[in-house]
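Now for the letters of each chain:
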Amino acid sequence: MDSMIKQLFISTAVKDLPYTQQIRSALNGLTPKYFSPEELCNIKANFDRQDVLIITSLQGELLKDCPGTTKYSCCGYKILNVGLNCLFNCSYCILQDYLQSKQQVVFADIEEQLAKLAPKIQLMKQSRIGTGEFTDSLILDHLTSLSVKLVNYFRHQKNILLELKTKSTNIENLLSIEATTNTVVSWSINPQNIMNVLEKGTPSLRERLSAASKVAQHGYSVAFHFDPMVLYETYAQDYTKVVEAIFAHVPKESIKWISLGTLRFTKGLKPLFMKRSPLFIDEFIAGDDNKFRYLRQRRVKAYALMLEQIRKYSSDTFVYLCMESQAVWEEVFGFHFSDNTDFEKYFNSKVF
Amino acid sequence: MPKGESNNKPSMAQLLPLPLREKLENEPEFQKVVAELASLPQSDIPTVAALMEKYRLNINQSFELCQTLRELLLKDNDFNISGLAKLELEGAKQSEAFMLALRAIRYPQYSEMKAKLKKYLSQLNSKNIKFNYKDNFESLTLDLVANIRNPEDIELLSQTLINKKEVISQLLSLIKNGLDD
Chain A
1 MDSMIKQLFI
11 STAVKDLPYT
21 QQIRSALNGL
31 TPKYFSPEEL
41 CNIKANFDRQ
51 DVLIITSLQG
61 ELLKDCPGTT
71 KYSCCGYKIL
81 NVGLNCLFNC
91 SYCILQDYLQ
101 SKQQVVFADI
111 EEQLAKLAPK
121 IQLMKQSRIG
131 TGEFTDSLIL
141 DHLTSLSVKL
151 VNYFRHQKNI
161 LLELKTKSTN
171 IENLLSIEAT
181 TNTVVSWSIN
191 PQNIMNVLEK
201 GTPSLRERLS
211 AASKVAQHGY
221 SVAFHFDPMV
231 LYETYAQDYT
241 KVVEAIFAHV
251 PKESIKWISL
261 GTLRFTKGLK
271 PLFMKRSPLF
281 IDEFIAGDDN
291 KFRYLRQRRV
301 KAYALMLEQI
311 RKYSSDTFVY
321 LCMESQAVWE
331 EVFGFHFSDN
341 TDFEKYFNSK
351 VF
Chain B
1 MPKGESNNKP
11 SMAQLLPLPL
21 REKLENEPEF
31 QKVVAELASL
41 PQSDIPTVAA
51 LMEKYRLNIN
61 QSFELCQTLR
71 ELLLKDNDFN
81 ISGLAKLELE
91 GAKQSEAFML
101 ALRAIRYPQY
111 SEMKAKLKKY
121 LSQLNSKNIK
131 FNYKDNFESL
141 TLDLVANIRN
151 PEDIELLSQT
161 LINKKEVISQ
171 LLSLIKNGLD
181 D
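So the sequences go chain by chain: A and B. Residue numbering for the first sequence follows our numbering, starting at 1 and increasing by one per position. Residue numbering for the second sequence follows our numbering, starting at 1 and increasing by one per position.
These aren't lab readings, by the way, just hints derived from the structure by calculation. Owing to the predicted nature of the structure, the values given are computational and were not obtained by experimental measurement. The reader is advised that the hints may include incorrect statements.
Once the Cα atoms are required to be at most 25 angstroms apart in a straight line, the calculated DMTMM-like pairs of lysine to aspartate or glutamate come out as [claimed, not checked]:
| # | chain 1 | residue 1 | chain 2 | residue 2 |
| --- | --- | --- | --- | --- |
| 1 | B | K114 | A | E330 |
| 2 | A | K270 | B | D78 |
| 3 | A | K345 | A | D227 |
| 4 | B | K114 | B | E64 |
| 5 | B | K176 | A | E233 |
| 6 | A | K275 | B | D76 |
| 7 | A | K301 | B | D135 |
| 8 | A | K267 | B | D180 |
| 9 | B | K54 | B | E90 |
| 10 | A | K120 | A | D342 |
| 11 | A | K267 | B | E96 |
| 12 | B | K75 | A | D97 |
| 13 | B | K134 | A | E331 |
| 14 | B | K114 | B | E96 |
| 15 | B | K176 | A | D282 |
| 16 | B | K86 | B | D135 |
| 17 | B | K118 | A | E283 |
| 18 | B | K130 | A | D288 |
| 19 | B | K114 | A | E233 |
| 20 | A | K71 | A | D227 |
| 21 | B | K54 | B | E71 |
| 22 | B | K54 | B | E29 |
| 23 | B | K176 | A | E330 |
| 24 | A | K125 | A | D48 |
| 25 | A | K301 | B | E64 |
| 26 | B | K119 | A | D227 |
| 27 | A | K15 | A | E61 |
| 28 | A | K241 | A | D227 |
| 29 | B | K176 | A | E331 |
| 30 | B | K119 | B | E166 |
| 31 | A | K275 | B | D78 |
| 32 | B | K114 | A | E331 |
| 33 | A | K116 | A | D65 |
| 34 | B | K116 | A | D282 |
| 35 | B | K164 | B | D153 |
| 36 | B | K134 | A | E330 |
Isolated chain B (complex conformation) (with noise of 0.2 angstroms):
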């Protein structure tokens, strides 16, 4: 070891803001976190654990973030972390809506889409009708649970279904096409 170098490097966890060193005594699960966390550059470690702390990330959003954050840095050298503790979110549920936000930066596309089928999907949806769709888009097939109890409803399933076909044809172009519909 060279001179005046001490052995005494700190550990991942010393590195931790007081609050998460603080998490990982009372959590061993957060251990995961960290192993995660020490895949990033270590100056950026703070921000990271500031923004854990900021949005109340539980142990699973906390790990995604970590791990998307390293796929990001490795895309993007200059990926500027500290510009996520600035988003604007909407919502009560502000980890949600981080990981929400975080996961648009890394998957444009698919988010995008994810959000057409959300939007398209409430649309859809009603009590008694209710369409079905894997979101990871690979099926070209839309699936329809429908609860009938009397004939009348078989009408007014169809006289429902007819009323939607426009947003079904879009939902269907979105499967089909993605964005290019």
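Isolated chain A, as found in the complex (with noise of 0.2 angstroms):
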């Protein structure tokens, strides 16, 4: 994916850090633009394409709750910032609305703001941390080797899950360490099919889930996201080939959770996934969050779909819904949580 990179721009406030200068010699051919902390609105205003890279530090916050959504249930998630954007061009991503912009930002002063973080880390009750929600967590690491410094970071931090979510199958820096027991390497999956048209330019199922079977193998353990699920005509038999395709390559007992959550969207979202994907309008209803989402019925039927096959494979893999209703959880699972924080103590109680 480097080769996707066309431009880097770096911010004078970073430009000597290590980390600034691992990136910088792995892109080896780009000759950085410098910039001043005061220019990066303009830079970001002028140079808002995906093939451009900024190298900055970070505003704000390193760790924060998953903005989630209201009124639905919400599992207590925790993102680290790492960095913004995404190479893969999938249609339905909430990145596009979300951040508004198309560049690449990596935030170079991890290392200082992790060892700030340290103390809270420590103290922390058991959480699940991620990097993949703003951007991809492994689709720059063959220049950032981050997934290295956040595997060692928290490596004896048992109280923390580190997830590292991704479409990727950049692997190579995970393999190169000794695994841990408290990382979590995540595939978001589909069938091929909507791969193909709405996640154009990312690693194959085969791929993926290969790159899972091989993290696995190391030692690792893995997690699947069936999320953004997409109901269309055959959808039942093409999840089930995956839900089989995935327990083929990788040992149930390797599997932390799986989880499912189907296709939905801001008001900002909604057009431009239309736009882009217009075989799949669908009569997507505003929910009690105002988001867009296929009807409650059929998101019922799709996720006891998916239970009942996962179920034939594993019958105690950790299985949840993203944000979704008490309904949609009594419905599928004969139970709900009566709050977010009753869901994050069950899901903890599953997986740590």
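Relying on the hints, combine the two individually framed chains into one complex.
In structure tokens, the structure reads:
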């Protein structure tokens, strides 16, 4: 993916940091342009392209709560804000609306930020922390080797599960170090026909599962996110085959969790998705959180099918729903959470 | 610019039929509709404008019409916009009837569910008993509000609920299963 970076901007505030030097050296063929921190907004405005990489310092908090959604059940996930945006081009991606910019951003002061965060991390209750919400966790890993830093940083923090969420097969760095029991490498997956249309330019299902298999063999836990699930005429057969493929590639003991979530949009994302993926325009109805989803009855049917398929291979792999309502939980699992704290406790009791 | 090509490309406002141009002049908020119109193929704009006129759509309805047409056209390039002028609509309020018909085209399953919900609720609701259900169908629960002024009302309420049990069951089935009930 490094050949997809065509232009490099480096903030003078971070130009001498080893992390910056490392990325710069990995992008050897590119002559960087330096900018002062005050110029960041101008750079962002004037070079708003996906092939632009901006190396800068983090403004704001390194550790954040997942934005999740209101009124629906959310799991208390935490996000480590290591960078912004993604080189993949998925038409449903929330970052199109959330970030409203296209450049790749890497925060080069990550080591300094992690050091500052260390006392807080040590005192934290059991938490799941991931880097794959505002960016793909591994997409730039061949340039940044961030996975190595993070796995080692959290290696002895057994109160933390680090999740590296990706669609990439950029796993060489992970394989080059000793695996930890508290790192979960996860892949978001879909049937290949959906990947072809909605996740253009991403590794195939076979490639992702092969990467998951290698990572699991190396000793890491893995996870899978069927998110977003897309409902169309033959979705039941297609998703069933993906479930079968997962368990054919990865031992069930290595799978920490499988999440399910159907396609959903903010008001801003809906027209972008429809323009880019007209074949999948469907009846999306505004939910209680004002996000647009398939009708509840269709979602329940899809989740119930997936749960049934997963249970054919594993009776105890932890399966959860992302941003779903109490009603949907009740219909799919026969129970629901009274609040998000309840959900978080349940989740942690299953995965720690 | 190639020879012979004019740089006086007509503005969106100039493309509007006269009544809509006047509307834009008199109601600046109509600009949001014009912006949506611009996302439709230029050749369809007179037809869409004629629909707004024919059904006397207000600004919000006109805006929704443009958005819905954009989605319908994305889904089906051959969607026949002019066919919307020939809809047989019932009811005195043509604008509302038209919007219902339009939503039924864009959201067939959801519209059918909403129509059933409306029918069941109208059979259930009376002066003293009101069933409430949010029509995005996200909830599994039907809410009931009853006016009770004296102990006898309790028996009356119980009897009414028993009498309406079949409709309530149908409604609950619709809520749970959608159109698969």
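Here is what the structure says about each hint:
Distance check on the hinted pair: K114 (chain B) and E330 (chain A) sit about 23 angstroms apart at the alpha-carbon level, within 25 angstroms; holds. Restraint check for K270 (chain A) and D78 (chain B): the C-alpha separation of about 22 angstroms stays at or below 25 angstroms, so the hint holds. With a CA separation close to 22 angstroms, the supplied pair K345 (chain A) and D227 (chain A) stays within the 25 angstroms bound. For the hint pairing K114 (chain B) with E64 (chain B), the CA-to-CA distance comes to about 18 angstroms; that is within 25 angstroms, so the pair holds.
About 22 angstroms separates the Cα atoms of K176 (chain B) and E233 (chain A), which keeps this hinted pair within 25 angstroms; it holds. The straight-line distance between the Cα atoms of K275 (chain A) and D76 (chain B) is roughly 12 angstroms, inside the 25 angstroms bound, and the hint therefore holds. With a C-alpha separation of about 19 angstroms, the suggested pair K301 (chain A) and D135 (chain B) falls inside the 25 angstroms cut-off, and the hint holds. Of the supplied pair hints, the one linking K267 (chain A) and D180 (chain B) is violated, its CA atoms being roughly 29 angstroms apart against a limit of 25 angstroms.
Distance hint between K54 (chain B) and E90 (chain B) is fulfilled; the C-alpha atoms sit about 15 angstroms from each other, no more than 25 angstroms. A distance of roughly 23 angstroms separates the Cα atoms of K120 (chain A) and D342 (chain A); the hinted pair therefore holds under the 25 angstroms criterion. A hinted pair counts as satisfied when its Cα atoms are at most 25 angstroms apart, and K267 (chain A) with E96 (chain B) qualifies at roughly 24 angstroms. Restraint check for K75 (chain B) and D97 (chain A): the C-alpha separation of about 22 angstroms stays at or below 25 angstroms, so the hint holds.
At roughly 18 angstroms between alpha-carbon atoms, K134 (chain B) and E331 (chain A) fall within 25 angstroms of each other, so this suggested pair holds. Annotation: proposed proximity of K114 (chain B) to E96 (chain B) holds, straight-line Cα distance about 15 angstroms (limit 25 angstroms). With a C-alpha separation of about 20 angstroms, the suggested pairing of K176 (chain B) with D282 (chain A) holds against the 25 angstroms cut-off. Of the supplied pair hints, the one linking K86 (chain B) and D135 (chain B) is violated, its CA atoms being roughly 29 angstroms apart against a limit of 25 angstroms.
Annotation: proposed proximity of K118 (chain B) to E283 (chain A) holds, straight-line Cα distance about 19 angstroms (limit 25 angstroms). Among the hinted pairs, K130 (chain B) with D288 (chain A) is consistent with the structure: their alpha-carbon atoms are about 22 angstroms apart, no more than 25 angstroms. For the proposed pair K114 (chain B) and E233 (chain A), the alpha carbon gap of about 23 angstroms is at most 25 angstroms, so the pair holds. Between K71 (chain A) and D227 (chain A) the alpha-carbon distance is near 19 angstroms, which keeps this suggested pair within the 25 angstroms criterion.
A threshold of 25 angstroms between alpha carbons decides the hint, and for K54 (chain B) with E71 (chain B) the separation of about 22 angstroms falls inside it, so the pair holds. Between K54 (chain B) and E29 (chain B), the direct Cα distance comes to roughly 20 angstroms. Compliance with the 25 angstroms bound is thereby established for this hinted pair. Restraint check for K176 (chain B) and E330 (chain A): the C-alpha separation of about 11 angstroms stays at or below 25 angstroms, so the hint holds. Distance check on the hinted pair: K125 (chain A) and D48 (chain A) sit about 39 angstroms apart at the alpha-carbon level, beyond 25 angstroms; violated.
The hinted pair formed by K301 (chain A) and E64 (chain B) fails the criterion: a straight-line CA distance of about 30 angstroms is larger than 25 angstroms. For a cut-off of 25 angstroms, the pair hint linking K119 (chain B) to D227 (chain A) is broken: about 36 angstroms separates their Cα positions. The hinted pair formed by K15 (chain A) and E61 (chain A) meets the criterion: a straight-line CA distance of about 21 angstroms does not exceed 25 angstroms. Between K241 (chain A) and D227 (chain A) the CA atoms are separated by roughly 16 angstroms; this keeps the pair inside 25 angstroms, and the hint holds.
Simply put, K176 (chain B) and E331 (chain A) have alpha-carbon atoms about 9 angstroms apart, close enough for the 25 angstroms limit, and the pair holds. A hinted pair counts as satisfied when its Cα atoms are at most 25 angstroms apart, and K119 (chain B) with E166 (chain B) qualifies at roughly 13 angstroms. Note on K275 (chain A) and D78 (chain B): the hinted pairing holds, with a Cα-Cα distance of about 16 angstroms set against a maximum of 25 angstroms. Under the criterion of a C-alpha separation no larger than 25 angstroms, the hint pairing K114 (chain B) with E331 (chain A) is consistent with the structure, at around 21 angstroms.
For the hint pairing K116 (chain A) with D65 (chain A), the CA-to-CA distance comes to about 18 angstroms; that is within 25 angstroms, so the pair holds. A threshold of 25 angstroms between alpha carbons decides the hint, and for K116 (chain B) with D282 (chain A) the separation of about 20 angstroms falls inside it, so the pair holds. In summary, the hint linking K164 (chain B) to D153 (chain B) is supported, as the alpha carbons are separated by about 16 angstroms, within the 25 angstroms threshold. Simply put, K134 (chain B) and E330 (chain A) have alpha-carbon atoms about 18 angstroms apart, close enough for the 25 angstroms limit, and the pair holds.
Of the hints listed earlier, those the structure fails to meet are numbers 8, 16, 24, 25 and 26, in rising order.
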